[in-house]
Amino acid sequence: MNPSRRLGDPKPTSVMAGTGGAPRMIAGASVDSIREEWVVEDRWWTGKPLRRRYFEVVLVDGRNMVVFRDLVGGGWFLQRA
Amino acid sequence: MVVCVLYPRFELLAALGDRGALLSEPAALAPEAGGVQVVGEVSAPAEAFGVVRGMRLGEAMSRCPALRLVPPDPEGVRSLWNEVLDRLEGIGAEVESDRAGAAYFEAGGLQRIHGGDLAGVLAAARRALGAGARFGAAPSRFSAHAAALKARPRRRGRASGGHSASPGGVSTSLGGVSTPPGAVVVDGAAVRRFLAPLPVSLLRIRLELQALPEVLEQLGIRTLGELAALPSRAVAERFGHPGLLALDLTQGRDTPLDPRRPPEPVTERLELPEAASGQQLERALELLVARVLARRERRGRSLRAIAVSARFVAGGTWRTTATLRRASADAARIRLALAPKLAELPAPAESLTVEVEAFGPPAQDQGRLLDEAAAIRQAKLGEAVRQARQAAGAEAALRVLDVDPDSRIPERRAVLAPFPDASAP
Chain E
1 MNPSRRLGDP KPTSVMAGTG GAPRMIAGAS VDSIREEWVV EDRWWTGKPL
51 RRRYFEVVLV DGRNMVVFRD LVGGGWFLQR A
Chain Y
1 MVVCVLYPRF ELLAALGDRG ALLSEPAALA PEAGGVQVVG EVSAPAEAFG
51 VVRGMRLGEA MSRCPALRLV PPDPEGVRSL WNEVLDRLEG IGAEVESDRA
101 GAAYFEAGGL QRIHGGDLAG VLAAARRALG AGARFGAAPS RFSAHAAALK
151 ARPRRRGRAS GGHSASPGGV STSLGGVSTP PGAVVVDGAA VRRFLAPLPV
201 SLLRIRLELQ ALPEVLEQLG IRTLGELAAL PSRAVAERFG HPGLLALDLT
251 QGRDTPLDPR RPPEPVTERL ELPEAASGQQ LERALELLVA RVLARRERRG
301 RSLRAIAVSA RFVAGGTWRT TATLRRASAD AARIRLALAP KLAELPAPAE
351 SLTVEVEAFG PPAQDQGRLL DEAAAIRQAK LGEAVRQARQ AAGAEAALRV
401 LDVDPDSRIP ERRAVLAPFP DASAP
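Chains E and Y supply the protein sequences, listed in that same order. Each residue of the first sequence is one higher than the one before, starting from 1 at the first, in our numbering. Each residue of the second sequence is one higher than the one before, starting from 1 at the first, in our numbering.
Simulated from the structure, these hints should not be mistaken for lab results. Certain hints may be false.
[To be verified] Simulated DEER-style distance windows between Cβ atoms:
no.: 1; chain 1: Y; residue 1: R408; chain 2: E; residue 2: V58; range: 39 to 49 angstroms
no.: 2; chain 1: E; residue 1: D70; chain 2: Y; residue 2: D18; range: 24 to 34 angstroms
no.: 3; chain 1: Y; residue 1: L416; chain 2: E; residue 2: D70; range: 18 to 28 angstroms
no.: 4; chain 1: E; residue 1: R80; chain 2: Y; residue 2: A392; range: 42 to 52 angstroms
no.: 5; chain 1: E; residue 1: A22; chain 2: Y; residue 2: L416; range: 24 to 34 angstroms
no.: 6; chain 1: Y; residue 1: D406; chain 2: E; residue 2: V58; range: 20 to 30 angstroms
Keep in mind the model is a prediction, meaning the values are calculated, not measured. The C-beta atom is built at its ideal place from N, Cα and C for all residues, glycine as well.
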């Protein structure tokens, strides 16, 4: 069995961010509103620290999504659709 | 003839990895985590300060304040040593080894494959292992080990050039003891004479004779020859079975070799996303046990002995083995046996591994006194899972297992684990 068979692994996605770094469009769909925003920092004591800025958003088509920007390696990821 | 392959300070070398240069400084293996506070193998410069294996840490540090302690790496040692044994088995040898750094095999059956004589077998073993190993050949395990201790290690540069470590690059022979390149060979007729001047402390090679040399020395018996000269009745009366075994060893006799059985590696490893402990570790263990039980290589057999090992965030490894009182393929029972071992983990782990060390008989359902509906349903479900796996592989039936449900990182909260098999003894 694949040892990295975890549920909810983040998948890279394309995000157009507005001023302030909040997402305006996700995978071509416009963001209607941002419900919540938070930052997670972990493993800062190791050589592979984890820093993410999360956004829970509602798209104009009504979908609810959680995306984050990787503040260490860069890039946007979709955590849950 | 028994051939002994010897790597002095193997555990220390394996733990040092690419920091081998530390061998030229006073260095010793640090005490095992959670174990007795004594140092492990020591480098030659540390020995010069009087530090020896098994010495209390405080005494070692006071004898040699500059002593560098190297974290032990039992997992690394095991993997590296298995590689050595695999290579020896690659030339056809049936290898016995009860500790890393020393291996034994009978050369008799191999001579026809490798040139018809012992020299051919030694050359094949040397080619398989490369430079660094010392070889000894003698009629018994103990005498072969003593011979290997006398062998001069071959230098890497010389070995690659095909030259010998012995003067002139040729085998020399004196009174039944010959020294082909990188080895010492003792004939049957010369073995008693070869062993006679060696110190009785050499008996410590055998685990069951650890305490004997000290008593012998107190009685003024300092060499194997002096021990061999004693009447067997007197030795038996004073020392019992250990004494008789020691007497046999000094006379070139030993118990037959017990070669290892070919291993069937069934290992499952899980990288822990953060320094895990407590409940997360138990969840990880649950997942690993489920994975091991779902492996095809198990072929329906129960598990007899299981090893749990961990790699620490701060470096170093830890390993422990649990032998089940009754072989079982019941995940809950196995978890129950292994979970208390996790409490012995001395530091946060970054990965956890479960490995089957020995299989038991095939797991079978026991006849039930009462046919309960739930049990029947469970058996049907188990059979369905088994058939699904047979047809579509180990990942055919999975379930969601909460590993760390409260983690702030969503992907760490749950994993897909094999669906539990039908209950088994």
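Worksheet item: Range hint 39 to 49 angstroms: satisfied by the CB atoms of R408 (chain Y) and V58 (chain E)?
Response: violated (22 angstroms)
Worksheet item: Regarding D406 (chain Y) and V58 (chain E), is the given constraint of 20 to 30 angstroms on their beta-carbon distance met?
Response: Holds, at about 26 angstroms.
Worksheet item: Does the hinted range 18 to 28 angstroms hold for L416 (chain Y) and D70 (chain E) at CB?
Response: With a Cβ separation near 24 angstroms, L416 (chain Y) and D70 (chain E) satisfy 18 to 28 angstroms, so the hint holds.
Item to complete: With 24 to 34 angstroms as the target window, see if A22 (chain E) and L416 (chain Y) comply at their CB atoms.
Response: holds (33 angstroms)
Worksheet item: Okay, R80 (chain E) versus A392 (chain Y) on CB: inside 42 to 52 angstroms?
Response: violated (28 angstroms)
Practice prompt. Could you check the hint for me, namely that D70 (chain E) and D18 (chain Y) are 24 to 34 angstroms apart, CB to CB?
Written response: holds (32 angstroms)
Violation of the numbered hints given earlier is confined to hints 1, 4; the remaining hints are satisfied by the structure.
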